[in-house]
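Read top to bottom, the protein sequences are chains U and V. Each residue of the first sequence is one higher than the one before, counting from 1 in this note's numbering. Each residue of the second sequence is one higher than the one before, counting from 1001 in this note's numbering.
It is possible that some hints are incorrect.
[As the list claims (entries may be wrong)] Computed Cβ-Cβ distance ranges for the label pairs, DEER-style:
1) Phe1278/V x Asp120/U: 55 to 63 Å
2) His190/U x Leu1294/V: 51 to 59 Å
3) Asp120/U x Leu1378/V: 45 to 53 Å
4) His201/U x Trp1390/V: 38 to 46 Å
[What the hints assert, rightly or not] Where chain U lies over chain V, by a calculated footprint (3+ residues, C-beta under 8 Å):
5) 1060 to 1066
6) 1306 to 1316
7) 1390 to 1401
Please keep in mind that the hints were generated in silico from the structure rather than gathered at the bench. Because the structure is a prediction, the values reported are computed rather than measured. C-beta atoms are modelled at their ideal positions from N, C-alpha and C, and glycine is treated no differently.
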Amino acid sequence: MIRDQETLIARGLHKSLGKGRARLHVLRGLDLTVRRGEFLAVMGPSGCGKSTLLGVLGLITPPDEGTVTINGLAITDGEVARTALRRRIGFVFQRFNLLGVLSAADNVAISLRVRGLKADGAADELFEALGVAHVSRRKPAEMSVGEQQRVAVVRAMAHRPELLLADEPTGNLDSKNAASLLELFRQINHRRRQTIVMITHSAEAAGYADRIVHMKDGRILDQ
Amino acid sequence: MSYLPLANILHHKLRSALSAMGIAIGICMLVTLSGLSRGSLYEIADRWEEVDAELIIYPEIWGRNLTTLSGSALPDRYGDKIAAEHSRLIERVVPVFLWPIRLAGQDQTVVGVDPQNFNMLVGGRRLRQGRLFDPDGRFAGWLENTLLAPAGEDQEIVEITKDQLADTDHNGLEMVIDTRLATAGGYRLGQKVFTANHHFTIVGIVPAGGLARAFMPRRTAQFLFGNGDITKSTLMFIKLAGGGEPAAAARKIKRPGTAVMQVDQYRGMLKDKFGIMFTYVDAVNVVAMVIAFLFIMITLYTMVLQRTREIAILKSSGASNFFLIRQVWAESMLLTAAGAAAGVALSFLAGWGIEACRPLLTVTITWWWIAVAAAAALLGAAASSLYPAWRATRIDMLEALRFE
């Protein structure tokens, strides 16, 4: 039964990657529940399936087995429903994944346009809050790694997503910028009751979250 | 530059320029070849339509083909006869003698015409330089007296030498050419040109647009190319009296053994005769366009393969398949629009170049063919973007974004 306060429910997720002999069973019957407004950190060793989990939760790849429900909508409800759900999610990728031919501001603008939204000033506030307003007209190649990551965060949050998924968001930031980003996550989480699922290796980063779960061998250990 | 397709085009300048150039060459070929084939053919029709007459009479045996008609074909007295028979219908009958000669390195049809009828054949154009051949009819009179006078007992065979023809008293070997032939051959007023085994003097240059590019006295043409028989011409133009309806007049004038064609039907006859040439040209154009759009398709396909990450990012943000297809399609359209614009500009340049290098060719670039090229470009762009666009929607996001 879906309870109102639960934003995300994953049940019995299985996912294998690769083909033939190289095929790897990454997620092995994973269960996860995230409550509305919760800031959850997922920790675990490299290769345990954290990023694959985020890919499944972000509807970037379908699970081989199992179900994921986001705010009552199951991701198996068809491509149209999946596309609609993707628009309600914000994703901060480990490798930023900014569009190289567009400026920072245009990266955010196209993300809004894809979702049928127009810029309403939220992006400008985020650019200011994350200290990247000065690079908004620059293309990714003209920014530092840290600036690119912060622009990626602006893009993920500009449409006020119902669920923010972040894959090692501080992995490429110095400690000062990492702290300010995590502080921003916490503020947004508190002020807007923004649901956040963050993958991190850093115990310090995980410390900003309301709850920490650990993954091992494709399963959540302490759900 | 928030418009992604344009940003992508500007980001990959060389590749975009080459793709657009591929389209430009295809469009340029389409517009220029169509303009050249149709222009050169219809320019002949335009010139025939400049003749101030409504009907053409010629031997029926030629069927509906005047394009190769030349030499002695109709007795001149036939013209006098129908003029007398239909005096209320016909204002004027103008016999002309056509013969192929070689000038400016290519075949030309020289028109033999009596000086008093010259204006009718060139649509009233005034000579730009020089004078008309045999202006006072001295040559015609001399030749008629020599050849048509009743033969005496001691004068059964009449011999006329080249020197007599070119004698300044007679002025028989004179020619008027049009400005395009003068440009193509580099001919000047007063220059002697050797053609049809005789040296002709260019005595006048008329603006292009009249029936032919070269004119000479009808008597000269009859004598030289009709085996000395100056009683026959090739065809006759008929100028109807005011208000005469050409089709009805043609039916009235037609007699067994002769055919009557309306001057305004000449264009249709040319089309029927040489329309197959358009088929060949159009086939070449289609091939050129297909190659151009295969080029665009390959470019777009390569673009999709190279930008899987970009497409996956858009998809992960909730971009619908329609949005992705529209991005690829828009890029195709932008490249094609740029290529089409460049192609049309190139066509005008090519047309100018062709006419400058080969003044006797005509390249007529019409809005119709520009519209055809634009429509073909539009359809081609849409079609060639279909497969790459479909591939864009099938991209595996996980693979493209390189998880794990």
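Q. So which of the earlier hints does this model not fit?
A. Of the numbered hints given earlier, those the structure breaks are 3, 5, listed in rising order.
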